[in-house]
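Q: Listed below are the residues making up each chain.
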Amino acid sequence: MARTKESAQRLAELEAVAEILTLAIARERATAEYYDRALHRAGTESTRKAFALLLEQERDHEKRVRAELELLRKEIAEVRRGRSGSH
Amino acid sequence: MATRAVKRFTTKSLARFDGMEGRPAYTAFEGKVYDVTGSNMWLGGRHESRHSAGEDLSHQMVNAPHDESVLGKFPVVGELVEEQMGGRMVARLQAMHLHPMVVHFSEVCPLLAALFVFLYLFVDRFRPYEVFSSYLVLLGFLSSMGCMATGFFSWSTTYERTLTRIFRMKILFSAVQFSVMVLLFAMRYIDVDVLTKSQPLSVAYAVLMFALVPITVILGHYGGKIVYG
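As they're listed, the protein sequences go chains H and D. The first sequence runs 106 to 192 under our numbering. The second sequence runs 1280 to 1508 under our numbering.
Excised from the complex, chain D in its bound form (with noise of 0.2 Å):
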């Protein structure tokens, strides 16, 4: 005799079987995923207004009115499986909440930057000033870099690349930062001293420098937006 495969669910699957629009409505508990399509306790995937079909109701059974032996009468379909490597991988690095961890280094390194060339520039001439605004404008281009990987990785599962106002506001600004950044890099790695002696590209360098800091302001008001509202 034939054994028929056990079908395989993972919570993502399992969703699509919502009992909505002529859809089948399963329900999972664990592990077993159950066919309830047809019960009058499940009319259009609802149950008691509470429940919805199409999810792991594995932890809700505690604060039922019965037990599960209530799903002894609804045939058996599959079996709910953890998702698969790559789904893991992705809840593991978005429970990691890369993007709020990296966006303080990309935040804060232009600002310190223009901080010190303002005081090179108009408090003391002191060259460690400029050369450390140089340092910080690296850290600021490299953070960067993981910046807009995180925040691209963060909008693609969290916001499932929904691309409204914000978010074209993020990814605009982000560019224009990371521009700025690499071309004040550029600048500054071909003449050392190209903010110390009196030049045209000295006031080209102390102007992008210090258009970081309406960027870096605007880039982190759209991300207060994004977490706040």
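So that you can see chain H by itself, here it is in the shape it has in the complex (with noise of 0.2 Å):
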């Protein structure tokens, strides 16, 4: 009983991450989007750069955040395969 509760509590819990994460690669994607379309109206070769540069730290968070979802996945996976094992 304390076992289920527990991990009831643990899915709660990874699901709320799972969440933020969720909505986090959202606003990444959202933001990379924003300096891509700056980046095709730049105009100079200075801001094309800076535009890029920041581009490319937006796509590299988004797939850092991505990879952080996809663990987290198999995680709350494996927690309902022992919640449904113990029933």
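Check the hints yourself; a few may be wrong.
Said to hold, decoys possible - Derived pair list, reagent style SDA-like, types lysine to any residue, alpha-carbon separation capped at 25 Å:
no.: 1; chain 1: H; residue 1: Lys168; chain 2: D; residue 2: Leu1350
no.: 2; chain 1: D; residue 1: Lys1504; chain 2: H; residue 2: Glu120
no.: 3; chain 1: D; residue 1: Lys1504; chain 2: H; residue 2: Glu150
no.: 4; chain 1: H; residue 1: Lys168; chain 2: D; residue 2: Arg1444
no.: 5; chain 1: D; residue 1: Lys1291; chain 2: H; residue 2: Ala172
no.: 6; chain 1: D; residue 1: Lys1311; chain 2: H; residue 2: Arg164
no.: 7; chain 1: D; residue 1: Lys1291; chain 2: H; residue 2: Glu150
no.: 8; chain 1: H; residue 1: Lys154; chain 2: D; residue 2: Glu1347
no.: 9; chain 1: D; residue 1: Lys1504; chain 2: H; residue 2: Glu167
no.: 10; chain 1: D; residue 1: Lys1291; chain 2: H; residue 2: Gly148
no.: 11; chain 1: H; residue 1: Lys168; chain 2: D; residue 2: Asp1403
no.: 12; chain 1: H; residue 1: Lys154; chain 2: D; residue 2: Val1369
no.: 13; chain 1: H; residue 1: Lys154; chain 2: D; residue 2: His1345
no.: 14; chain 1: H; residue 1: Lys110; chain 2: D; residue 2: Glu1347
no.: 15; chain 1: H; residue 1: Lys168; chain 2: D; residue 2: Val1369
no.: 16; chain 1: D; residue 1: Lys1291; chain 2: H; residue 2: Ala131
no.: 17; chain 1: D; residue 1: Lys1291; chain 2: H; residue 2: Arg134
no.: 18; chain 1: D; residue 1: Lys1504; chain 2: H; residue 2: Gln114
no.: 19; chain 1: H; residue 1: Lys154; chain 2: D; residue 2: Arg1444
no.: 20; chain 1: H; residue 1: Lys168; chain 2: D; residue 2: Ala1294
no.: 21; chain 1: H; residue 1: Lys110; chain 2: D; residue 2: Leu1293
no.: 22; chain 1: H; residue 1: Lys154; chain 2: D; residue 2: Leu1293
no.: 23; chain 1: D; residue 1: Lys1504; chain 2: D; residue 2: Ala1465
no.: 24; chain 1: D; residue 1: Lys1504; chain 2: H; residue 2: Ala135
no.: 25; chain 1: H; residue 1: Lys168; chain 2: D; residue 2: Tyr1408
no.: 26; chain 1: D; residue 1: Lys1311; chain 2: H; residue 2: Lys179
no.: 27; chain 1: D; residue 1: Lys1291; chain 2: H; residue 2: Asp141
no.: 28; chain 1: D; residue 1: Lys1311; chain 2: H; residue 2: Ala123
no.: 29; chain 1: H; residue 1: Lys179; chain 2: D; residue 2: Gly1323
no.: 30; chain 1: D; residue 1: Lys1291; chain 2: H; residue 2: Ala123
If you're looking for bench data, these hints aren't it; they were derived computationally from the structure.
Make the complex out of the two chains shown on their own, each in a separate frame, by following the hints.
A: Right, dumping it as structure tokens:
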């Protein structure tokens, strides 16, 4: 009983983090698109360089957050399997 | 001599060649896709800890300490083409920000409808208040359909249909708000005097109308949480 409660709590925690990361990915992507549009409008080499750098950073952030989310999803699936096995 | 067909990649299909977990590492530059698998400079699909394989790096060359001639030593495995019609359409619709545009109508209309019923019942029995409220319900019901359609599109494309608590609540309260407005519209359509005559249905109509306020506020709250955290 205590174990079930514990795993339910763990699952809720993991899902809350997964939600944060899901929303973060959308923001990273939106920011990357924003810089991408700015890059296409940039008139000088120096502004193009600056926007290219910012764009690259945002894409990298998205990739990192996505990797974290993948790990988290695996953990969530494991906790769920554990819960269904314990019933 | 047979001509080998040029393999075509879109941004999406190129992303699969990220050089991770044994997958090949491809990178694109100005429309050409290069195979950089096996290069010491692209171990694990990463280049100088800054760039990742599976991406179009055309705009990044400007910040590189070398020029594009370094790519000449890698085999070209295809060309980077624009997304198919469907993909382009989705991108265009995404750029129009349809949901944030439509959502305000289904937020404002039910709140104003409730306000005008409140004015009619408790301030002044001025019939146009009640009539105006019924039009707002109709407008709210119509905009709510648009809101749900654009919300579903946004959830599918931007959030990849991830069903977390916030989205569950948004879906639930959108369905409740829509149902309440349909019910209100039907009640008013069947009997135009549903509120003006004193009858049990008048109470139900008013209660449903005022219930739209917390429902809409909760919906707005979850929408705000998605956008602002």
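Q: Now tell me if each hint is right for this structure.
A: Results of checking the hints against the structure:
Only pairs whose Cα atoms come within 25 Å are accepted, and H:Lys168 paired with D:Leu1350 is accepted, the gap being roughly 24 Å. Simply put, D:Lys1504 and H:Glu120 have alpha-carbon atoms about 16 Å apart, close enough for the 25 Å limit, and the pair holds. Restraint check for D:Lys1504 and H:Glu150: not satisfied, since their Cα atoms lie roughly 38 Å apart, outside the 25 Å limit. Our distance criterion of 25 Å between C-alpha atoms is met by H:Lys168 and D:Arg1444, whose separation comes to about 23 Å.
Distance restraint check for D:Lys1291 and H:Ala172: the Cα-Cα separation of roughly 17 Å lies within the 25 Å cut-off, and the hinted pair is therefore satisfied. Taken as a hint, the D:Lys1311 and H:Arg164 pair is honoured in the structure, with Cα atoms around 20 Å apart against an allowance of 25 Å. Straight-line distance between C-alpha atoms of D:Lys1291 and H:Glu150 comes to about 28 Å, which puts the hinted pair past the 25 Å bound. With a C-alpha separation of about 15 Å, the suggested pairing of H:Lys154 with D:Glu1347 holds against the 25 Å cut-off.
The hinted pair formed by D:Lys1504 and H:Glu167 meets the criterion: a straight-line CA distance of about 20 Å does not exceed 25 Å. Pair hint D:Lys1291 plus H:Gly148 does not hold up; C-alpha atoms about 28 Å apart against a cutoff of 25 Å. With a CA separation close to 59 Å, the supplied pair H:Lys168 and D:Asp1403 exceeds the 25 Å bound. A distance of roughly 29 Å separates the Cα atoms of H:Lys154 and D:Val1369; the hinted pair therefore is violated under the 25 Å criterion.
For a cut-off of 25 Å, the pair hint linking H:Lys154 to D:His1345 stands: about 14 Å separates their Cα positions. Pair hint H:Lys110 plus D:Glu1347 does not hold up; C-alpha atoms about 58 Å apart against a cutoff of 25 Å. Distance hint between H:Lys168 and D:Val1369 is fulfilled; the C-alpha atoms sit about 21 Å from each other, no more than 25 Å. About 16 Å separates the Cα atoms of D:Lys1291 and H:Ala131, which keeps this hinted pair within 25 Å; it holds.
Taking the CA atoms of D:Lys1291 and H:Arg134, the gap is near 14 Å; set against the 25 Å cutoff, the hint holds. With a CA separation close to 22 Å, the supplied pair D:Lys1504 and H:Gln114 stays within the 25 Å bound. A C-alpha spacing of about 40 Å is found between H:Lys154 and D:Arg1444, which places the hinted pair above 25 Å, so the restraint is violated. With a C-alpha separation of about 11 Å, the suggested pairing of H:Lys168 with D:Ala1294 holds against the 25 Å cut-off.
A threshold of 25 Å between alpha carbons decides the hint, and for H:Lys110 with D:Leu1293 the separation of about 44 Å lies outside it, so the pair is violated. Among the hinted pairs, H:Lys154 with D:Leu1293 is consistent with the structure: their alpha-carbon atoms are about 24 Å apart, no more than 25 Å. Among the hinted pairs, D:Lys1504 with D:Ala1465 is inconsistent with the structure: their alpha-carbon atoms are about 32 Å apart, more than 25 Å. Between D:Lys1504 and H:Ala135 the alpha-carbon distance is near 16 Å, which keeps this suggested pair within the 25 Å criterion.
A distance of roughly 54 Å separates the Cα atoms of H:Lys168 and D:Tyr1408; the hinted pair therefore is violated under the 25 Å criterion. A hinted pair counts as satisfied when its Cα atoms are at most 25 Å apart, and D:Lys1311 with H:Lys179 does not qualify at roughly 35 Å. For the hint pairing D:Lys1291 with H:Asp141, the CA-to-CA distance comes to about 16 Å; that is within 25 Å, so the pair holds. Under the criterion of a C-alpha separation no larger than 25 Å, the hint pairing D:Lys1311 with H:Ala123 is inconsistent with the structure, at around 36 Å.
Restraint check for H:Lys179 and D:Gly1323: satisfied, since their Cα atoms lie roughly 21 Å apart, inside the 25 Å limit. Between D:Lys1291 and H:Ala123, the direct Cα distance comes to roughly 23 Å. Compliance with the 25 Å bound is thereby established for this hinted pair.
Going through the hint list in order, the structure does not satisfy hints 3, 7, 10, 11, 12, 14, 19, 21, 23, 25, 26, 28.
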